[in-house]
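All chains, full assembly: derive it from the sequences and hints.
As you go down the protein sequences, you meet chains A and B in turn.
At position 204 of the first sequence (counting the first as 1) the number is 461 in this note's numbering, and the numbers step up by one without a gap.
At position 56 of the second sequence (counting the first as 1) the number is 58 in this note's numbering, and the numbers step up by one without a gap.
Accuracy of the hints is not assured; some may be wrong.
[What the hints assert, rightly or not] Derived pair list, reagent style SDA-like, types lysine to any residue, alpha-carbon separation capped at 25 Å:
id: 1; chain 1: B; residue 1: Lys63; chain 2: A; residue 2: Arg333
id: 2; chain 1: B; residue 1: Lys63; chain 2: A; residue 2: Trp312
id: 3; chain 1: B; residue 1: Lys63; chain 2: A; residue 2: Thr313
id: 4; chain 1: B; residue 1: Lys63; chain 2: A; residue 2: Leu319
Everything labelled a hint here was simulated from the structure, so no lab data went into it.
Here is how the chains run, residue by residue.
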Amino acid sequence: MSATWHAAPEVLDRYAAEDLNDVHASSLEAHLLRCAHCRSSLSARAQSPRLEAVWTGIEDALDAPRPGVVERLLLRVGVRGHVARLLAATPSLRLSWILAEAIALGTAAIAAQGAAGTNRAGASLFLFLMLAAVAPVAGVAAAFGPGVDPTYEIGIAAPMRSDRLLFIRATAVLCASLVIAGVAAVALPRSDWTVTVWLVPAFGLTLATLALATWVRPIAAAVVVGLGWVLLAAAASIASTDPLAAFHAGSQLLFLGLIAGSVVVLARRHAAYEGRIPT
Amino acid sequence: MTIRADGDDELIAAVATGDREALAELYRRHAPWLVLRLLRRCADPGTVEEVVQDTFVAVWKGAGRYRATGEVPAWIWGIGIRRLISRLRQRPMPIAAAQDEAMVSAEDEVLIGVEHGDLGAALGRLSPELRAVVQATVLDGLTTKEAATLLGIPQGTVKTRAARARRELREALA
Chain A
258 MSATWHAAPE
268 VLDRYAAEDL
278 NDVHASSLEA
288 HLLRCAHCRS
298 SLSARAQSPR
308 LEAVWTGIED
318 ALDAPRPGVV
328 ERLLLRVGVR
338 GHVARLLAAT
348 PSLRLSWILA
358 EAIALGTAAI
368 AAQGAAGTNR
378 AGASLFLFLM
388 LAAVAPVAGV
398 AAAFGPGVDP
408 TYEIGIAAPM
418 RSDRLLFIRA
428 TAVLCASLVI
438 AGVAAVALPR
448 SDWTVTVWLV
458 PAFGLTLATL
468 ALATWVRPIA
478 AAVVVGLGWV
488 LLAAAASIAS
498 TDPLAAFHAG
508 SQLLFLGLIA
518 GSVVVLARRH
528 AAYEGRIPT
Chain B
3 MTIRADGDDE
13 LIAAVATGDR
23 EALAELYRRH
33 APWLVLRLLR
43 RCADPGTVEE
53 VVQDTFVAVW
63 KGAGRYRATG
73 EVPAWIWGIG
83 IRRLISRLRQ
93 RPMPIAAAQD
103 EAMVSAEDEV
113 LIGVEHGDLG
123 AALGRLSPEL
133 RAVVQATVLD
143 GLTTKEAATL
153 LGIPQGTVKT
163 RAARARRELR
173 EALA
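Following this line, the structure appears as structure tokens:
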């Protein structure tokens, strides 16, 4: 269509009223892309209050703070917006925490690598495995509570059950921790089953912490579970000739029992989190 | 909003440098027809408003990638229709009912005062289903997959309907 042709007022009226048949509408639409005159004539027929409301929404969207690295990553992998915001606000999912954990486990793994073949080989491997098992417990403890969680008050008041929030965050912390420990384990001198023995203890200790936190503050629960584990594991490794005694089949079975027990406790007592994380 | 006399290309260039006023002027010029055109493809005004909002936020963020070709309306439409399709993918809903009048009545022709050539008449004789496919793939420039989401039908159906529409148009114009 030439630039001098313009749509008749009746055509624009009927298009704006959605009363124009497809064929006319299609040719008008093709013309509108090229003709500023007809576009502005059509604009006069649009509902301006709605358009102003949408413009306000656009300004709000432009003014909204840009989500951080972790939140954008979560959104990218398909986590829903509000869950991503909650997870990103978790202290132990911040980049600094993740880096600290990676450095601690990486150092332990490299030390074990360096000690391979010496008489400290067993002890340094034990150190790494023990840390890998206890890391998610520390992460879960640092994820909740006043003074630790910047969204603590918001979380209490949020229209989301506290136990649900806790489990979402605990799962995310556990996953992040498992990934970091898994990557660090690649640097271990041994590449047999030994590099995976921390997995079941990590699960068991995390669940035990969550279960214990239905009675006491999460921090206290984590300290009890974490410290208990470190002492018992160290005692087992000293008492036995094998430094990895705490990871043998017998203790793996014990941890499976701990997982089962914790799941039962959580199933019965998860409502205790509601509105009182922590008491 | 102050009114600016700049061309669309200049406005986009200004938006790319972070000029809110330029975005406001683009919105004033292009949001009204975008709303009306989207409403013909999605009957839910709430969804259309969300899509228009998404579109202008995308214009704000993507202005730097725009190549000055003087085709700002086509660029904005391309963003808008794709935003609509991704919204429909998340939550499918009944699309705007295809109009049933297969023929453009002579009354309409007189009232509107538009004369269509052979192609317009041939397009008018297609069934509403076939016309919707032609509109989505040819006039709106969508891929088969995008058209399938917009129309709420399988991709295979889009292909067979497009082939049938092509055949009917070719026969009508022969």
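- Item | Unsatisfied constraints (hint numbers, rising) | none
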